[in-house]
Amino acid sequence: MSIIQVKNLKKSFGSLEVLKDINVEIQEKEVLCVIGPSGSGKSTFLRCLNRLEDITDGHVIVNGHDITNRKTNINKVRQEVGMVFQQFNLFPHKSVLENILLAPMKVRLKSKEEAREIALSLLEKVGLKEKANGYPGELSGGQKQRVAIARALAMDPKIMLFDEPTSALDPEMVGDVLEVMKQLAVEGMTMVVVTHEMGFAREVGDRVLFMDGGYIVEENEPNALFRTPQHERTQAFLSTVL
Amino acid sequence: MGVMIDALPYLMDGLKVTIYIFVIAIIFGFLIGLVIALMRLAPLKILNWIASAFINAIRGTPFIVQLFFIHFGLNQLAWISFESTTSGIITVALNAGAYLAEIIRAGIQSIDKGQNEAARSLGLTGVQNMRHIILPQAFRRMLPAFTNQAIISLKDTSLLSIIGIADLTQRGQVQTAATYKAFEIWFAVGVIYFIVIYLLTLLGNFLERRFELR
Chain A
1 MSIIQVKNLK KSFGSLEVLK DINVEIQEKE VLCVIGPSGS GKSTFLRCLN
51 RLEDITDGHV IVNGHDITNR KTNINKVRQE VGMVFQQFNL FPHKSVLENI
101 LLAPMKVRLK SKEEAREIAL SLLEKVGLKE KANGYPGELS GGQKQRVAIA
151 RALAMDPKIM LFDEPTSALD PEMVGDVLEV MKQLAVEGMT MVVVTHEMGF
201 AREVGDRVLF MDGGYIVEEN EPNALFRTPQ HERTQAFLST VL
Chain B
1 MGVMIDALPY LMDGLKVTIY IFVIAIIFGF LIGLVIALMR LAPLKILNWI
51 ASAFINAIRG TPFIVQLFFI HFGLNQLAWI SFESTTSGII TVALNAGAYL
101 AEIIRAGIQS IDKGQNEAAR SLGLTGVQNM RHIILPQAFR RMLPAFTNQA
151 IISLKDTSLL SIIGIADLTQ RGQVQTAATY KAFEIWFAVG VIYFIVIYLL
201 TLLGNFLERR FELR
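These protein sequences, in sequence, are chains A and B.
Residue numbering for the first sequence follows UniProt numbering, starting at 1 and increasing by one per position.
Residue numbering for the second sequence follows UniProt numbering, starting at 1 and increasing by one per position.
Everything labelled a hint here was simulated from the structure, so no lab data went into it.
Incorrect hints may have been included.
What the hints assert, rightly or not - Pulled from the structure, derived: some chain B residues nowhere near chain A, Cβ distances all over 12 angstroms:
id, residue
1, T61
2, F82
3, Q170
Unchecked claim - Some but not every residue of chain A turned toward chain B, in silico, with C-beta under 8 angstroms:
id, residue
4, N50
5, Q79
6, M83
7, S111
8, L120
9, S121
10, Y215
To be verified - Partner residues aside, some chain A positions facing chain B, computed with beta carbon under 10 angstroms:
id, residue
11, I3
12, S12
13, F13
14, G14
15, I74
16, V107
Note that beta-carbon positions come from the ideal geometry of N, C-alpha and C, so glycine has one too.
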């Protein structure tokens, strides 16, 4: 049974149709990488999976809940779906530790001690335990993104969504963040990763989707997709980025 | 100089009235402003409309007219009887509320939408997001504008002397009438207002430092 099912998903901004007819199923523990040129709709697709974007038409079923149904409690669904953003979106008025504590305490109603323990162990996992009492403004981009990953993981999600997590980073910071993501994949996290890091998609992805013009043009396991792309547009895209 | 010192105890009693009205009115004004701002940003058209109508009504009319409408106009209705002080507090609170609503709305809208998205993606409700993420950041940015509005509202209370409230300004008029020393009395009244407003500015600066932007 797939953990995410997307059926005939359509999304328009005004008269601009960004997603035209998306159908995909994502299995538990699968790492799905989504690649494609900018404007192809890949970020919008990802943001539909936790309804950060209102869905124009079709169905998105996450963890058994149809989030296109207005009656679904979206907050409950989001508790199980962590998200990491290109621009980190850490809370600048809260310390690193407080950033991570907040949701477990306010949403999961954990005690401060319990939440603190979780937060510190996650910070250790992303290699930033010594920054617990610092503020986001004092961190480098790569450190911010690792804190953001820890913040999402603190909710103990079943699925993690990554929206171009390394695109805003200096090149030398990218490796640390990818390393943390790779570790997550090894531990069996279900991940959907919108990325320009073809190396990561190839090495860590179980499956790669190539999107263009609001459609999924081609999907395959990474080696096949990168070595022998079937579709002309995939070939053209890969020839410019590889 | 002697005239000023003699008048001082009497004027200070007026200052107490001024400060009393100001403090109550600015607290209610803030609460009104917060509610109106949230109504303006709410996803319900009718709430947006009510909030905008209120803001436009207050911004589009002079303070004195609002004061007379509330004190004389509303008091003509059989079921309302406001004391002068009540009318004064209501007028200053509503007036400050409308301006503060716009300050608060702008402050909330100045927060990057990524903050909202991050909070919501963690499963926080809209209310939790406002309470823990958006408002704390927005309020820090609003502080300079808050200080400004507080100063304006404090000065607006001097107009309440017209409806017979024995505030600092009204007592200045009484003292002038009694002593014919207009220069000394109004100079003294001016200095007292200046000191209070200066202290308000210092408080604003202190709060800005206390809640430093990160």
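Now the hints, each set against the structure:
1. The claim that B:T61 lies off the interface holds: its Cβ sits roughly 37 angstroms from the closest Cβ of chain A, which is beyond the 12 angstroms cut-off.
2. Under the 12 angstroms C-beta cut-off, the non-interface status given to B:F82 relative to chain A holds; the minimum distance is some 41 angstroms.
3. At roughly 44 angstroms, the least C-beta separation between B:Q170 and chain A is larger than 12 angstroms, which holds for a residue marked as non-interface.
4. Hint status for A:N50 relative to chain B: holds, with the closest Cβ pair at about 6 angstroms, below 8 angstroms.
5. Given the 8 angstroms rule on beta carbons, the hint for A:Q79 holds: about 4 angstroms separates it from the nearest Cβ of chain B.
6. Evaluation of the A:M83 hint against chain B yields a held restraint, the C-beta minimum of about 4 angstroms falling below 8 angstroms.
7. Contact between A:S111 and chain B, as hinted, is not supported at the beta carbon level, the nearest pair being about 17 angstroms apart and thus beyond 8 angstroms.
8. With 8 angstroms as the threshold, the beta carbon of A:L120 stays out of range of chain B, its nearest partner Cβ sitting at about 18 angstroms, so the hint is violated.
9. Hint status for A:S121: violated, given a least beta-carbon distance of 18 angstroms to chain B, over 8 angstroms.
10. For A:Y215, the interface hint is violated, the least distance from its beta-carbon to any beta-carbon of chain B being 25 angstroms, above 8 angstroms.
11. For A:I3, the shortest C-beta to C-beta distance to chain B is roughly 17 angstroms, which exceeds 10 angstroms, and the interface hint is violated.
12. The restraint placing A:S12 at the interface with chain B is violated, with a minimum CB-CB distance near 19 angstroms, outside the 10 angstroms limit.
13. At about 15 angstroms, the closest approach between the beta carbon of A:F13 and any beta carbon in chain B exceeds 10 angstroms, and the interface hint on this residue is violated.
14. Interface restraint check: A:G14 against chain B, minimum CB-CB distance 18 angstroms, threshold 10 angstroms, status violated.
15. For A:I74, the interface hint holds, since its Cβ comes within 10 angstroms of a Cβ in chain B; the closest pair sits about 8 angstroms apart.
16. Look at A:V107: its Cβ gets to within about 4 angstroms of chain B, closer than 10 angstroms, so that hint holds up.
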